[in-house]
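> Please construct the entire structure, taking both the sequences and the accompanying hints into account.
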Amino acid sequence: MKRLLRLITAVVLAAASTALPQTSTVALAAECQHDSVHYYAQALSGYSNSVSGTGAWTTSWSTWYVSTSNGFSDVAVWLWDDSGHFLEGGFYTGAGVTVPWTNSMLPYYTLDNGQHEHDYAGDVLTTNANTWMEVHDQPSTYSTYVKIQSFYLYPGTYTMLTPRHNFSQGEVATNTSTWMGGSGSGETFSGLWSDSGGSWHYWGFHNDCANTPYWIKSVSSDSWTIGGR
Amino acid sequence: MPHRRTVAVAAIAAIAVAVGASAIYAAVMSPRSPSAACIGDYQHVVEGNDALKGFAVLVDEELPAGAVDRGHVPGQPPQAYSGEFVSGHVRGYISPIAVSGPDRPAMNAAAASLGYPIGSFPLVPLVGPVVQHNPGLLELYVTEATFKSTTGLESWLAMKKASFVDAGYAVSPAPDPRIALSTTGVMGPSDGLHEKILTFDVANGPTALELDFQGGTDLSADHVASVVTAAIDRFANDCTP
Numbered sequence: 001m002k003r004l005l006r007l008i009t010a011v012v013l014a015a016a017s018t019a020l021p022q023t024s025t026v027a028l029a030a031e032c033q034h035d036s037v038h039y040y041a042q043a044l045s046g047y048s049n050s051v052s053g054t055g056a057w058t059t060s061w062s063t064w065y066v067s068t069s070n071g072f073s074d075v076a077v078w079l080w081d082d083s084g085h086f087l088e089g090g091f092y093t094g095a096g097v098t099v100p101w102t103n104s105m106l107p108y109y110t111l112d113n114g115q116h117e118h119d120y121a122g123d124v125l126t127t128n129a130n131t132w133m134e135v136h137d138q139p140s141t142y143s144t145y146v147k148i149q150s151f152y153l154y155p156g157t158y159t160m161l162t163p164r165h166n167f168s169q170g171e172v173a174t175n176t177s178t179w180m181g182g183s184g185s186g187e188t189f190s191g192l193w194s195d196s197g198g199s200w201h202y203w204g205f206h207n208d209c210a211n212t213p214y215w216i217k218s219v220s221s222d223s224w225t226i227g228g229r
Numbered sequence: 230m231p232h233r234r235t236v237a238v239a240a241i242a243a244i245a246v247a248v249g250a251s252a253i254y255a256a257v258m259s260p261r262s263p264s265a266a267c268i269g270d271y272q273h274v275v276e277g278n279d280a281l282k283g284f285a286v287l288v289d290e291e292l293p294a295g296a297v298d299r300g301h302v303p304g305q306p307p308q309a310y311s312g313e314f315v316s317g318h319v320r321g322y323i324s325p326i327a328v329s330g331p332d333r334p335a336m337n338a339a340a341a342s343l344g345y346p347i348g349s350f351p352l353v354p355l356v357g358p359v360v361q362h363n364p365g366l367l368e369l370y371v372t373e374a375t376f377k378s379t380t381g382l383e384s385w386l387a388m389k390k391a392s393f394v395d396a397g398y399a400v401s402p403a404p405d406p407r408i409a410l411s412t413t414g415v416m417g418p419s420d421g422l423h424e425k426i427l428t429f430d431v432a433n434g435p436t437a438l439e440l441d442f443q444g445g446t447d448l449s450a451d452h453v454a455s456v457v458t459a460a461i462d463r464f465a466n467d468c469t470p
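Chains as they are written, first to last, in the working numbering: chain A, 1 to 229; chain F, 230 to 470.
Read the hints as simulated data drawn from the structure, not as lab findings. By construction, the Cβ of each residue, glycine as well, lies at the ideal position given by its N, Cα and C atoms. Hints may contain errors.
[As the list claims (entries may be wrong)] Quick partial rundown of chain F residues pointing at chain A, CB under 10 Å, derived from the structure:
{"hint": "1", "residue": "V288"}
{"hint": "2", "residue": "P303"}
{"hint": "3", "residue": "Q308"}
{"hint": "4", "residue": "A340"}
{"hint": "5", "residue": "P346"}
{"hint": "6", "residue": "G348"}
{"hint": "7", "residue": "G357"}
{"hint": "8", "residue": "A391"}
{"hint": "9", "residue": "S392"}
{"hint": "10", "residue": "M416"}
{"hint": "11", "residue": "L422"}
{"hint": "12", "residue": "E424"}
{"hint": "13", "residue": "T428"}
{"hint": "14", "residue": "D441"}
[As the list claims (entries may be wrong)] Part of the chain A face toward chain F, derived, beta carbon under 7 Å:
{"hint": "15", "residue": "N103"}
{"hint": "16", "residue": "N113"}
{"hint": "17", "residue": "T126"}
Here is the structure:
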């Protein structure tokens, strides 16, 4: 009987322990640095001299909401060095720079930490589709490009130094009511990095942060989910 | 508040013209510091213009970021236009021919094929036969952004110029000396299916007003000159720093 009670107790504790981490992971995500108008959910992985690209698999949005108190919502992958070079590629809805406003999902890239933004007006993304996002800078060939779904974006020659960092984030400009990651159920990413030979590898880890009410939840060493509004 | 201001400006202008008393205008429109009272009105500066007759309001929303600032990786300080941003607004207009014209069914079919729900308005920016078949103005977006100081505004204009040039838009001669930045380009390949865009940025103290005209191949500065001039006049008179 005691063995049966111990078994029941163990099963109950095991069930409780498996239920807890998901909640605690969300609650314990660090606060991202942000200003008064930008909110983030960020996953930062490693860096090395051999990194030439950052990529992620995700699913484009099927529903989203840009409210009357907002600017935009985007998700992107990043590559940057320690000398002030930043290459970002992703997709967004709402306000843009070279496209003033869109009600669809459009691919875009930025250089120099947002100083140059190019939104691609005619390249409307397919909704609810398996989506590859990639930023790539190949030092040996100076080949710089961004790929979002089937669309290639070419920023021209953009020389980045080493080492390079792998990074991804969801971003909204709002204080309320704009979905991050398409909808309240969240958007899951799987992160990869490209070596200097162009081969892709899954991330081995990621350090996460988010700004409430937006959230990020670690799924595995190379995967995470973002969401909220 | 915008409507009250519009009515007030119209009434005062009429009085000034009628009696030739510019002093009255000057007294009421006396210079003042940028304040919250000036924010949120500028997006209406194009309304009432014949060039926009029949256009529908497609978007009308606050713009917390003023300019889109996609760029805050960990450890990096915000750009000046983000750190100094106070308030902004974007108001967009779309031509009736794009909303209910003969090309709308094809636009709906294209949107549906990508999984988008069909709403009151087509997907924008407009692409395809609707652009090819309508050489004039199809969309107009009026963006207003106010910063704590001209430092933020100058940073915003620099980011805008860099982005426009990067997108292949050419910096063009300004049709009005009050315009700080004027560009023209095509929002994609020059295949007649992608809209032409004309952008005009005007600075007034720490506030910027941007007019983005989008349309077919005949769209030109001359085509929209009356809208631009009237908008700048209202922008300049309505809130002088």
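> Run every hint past the structure and note whether it holds.
Evaluation of the provided hints:
no.	hint	result
1	V288	holds, 5 Å
2	P303	holds, 6 Å
3	Q308	holds, 6 Å
4	A340	holds, 8 Å
5	P346	holds, 9 Å
6	G348	holds, 8 Å
7	G357	holds, 9 Å
8	A391	holds, 5 Å
9	S392	holds, 4 Å
10	M416	holds, 4 Å
11	L422	holds, 7 Å
12	E424	holds, 7 Å
13	T428	holds, 8 Å
14	D441	holds, 4 Å
15	N103	holds, 6 Å
16	N113	holds, 4 Å
17	T126	holds, 5 Å
Hint compliance for this structure: no hint is broken.
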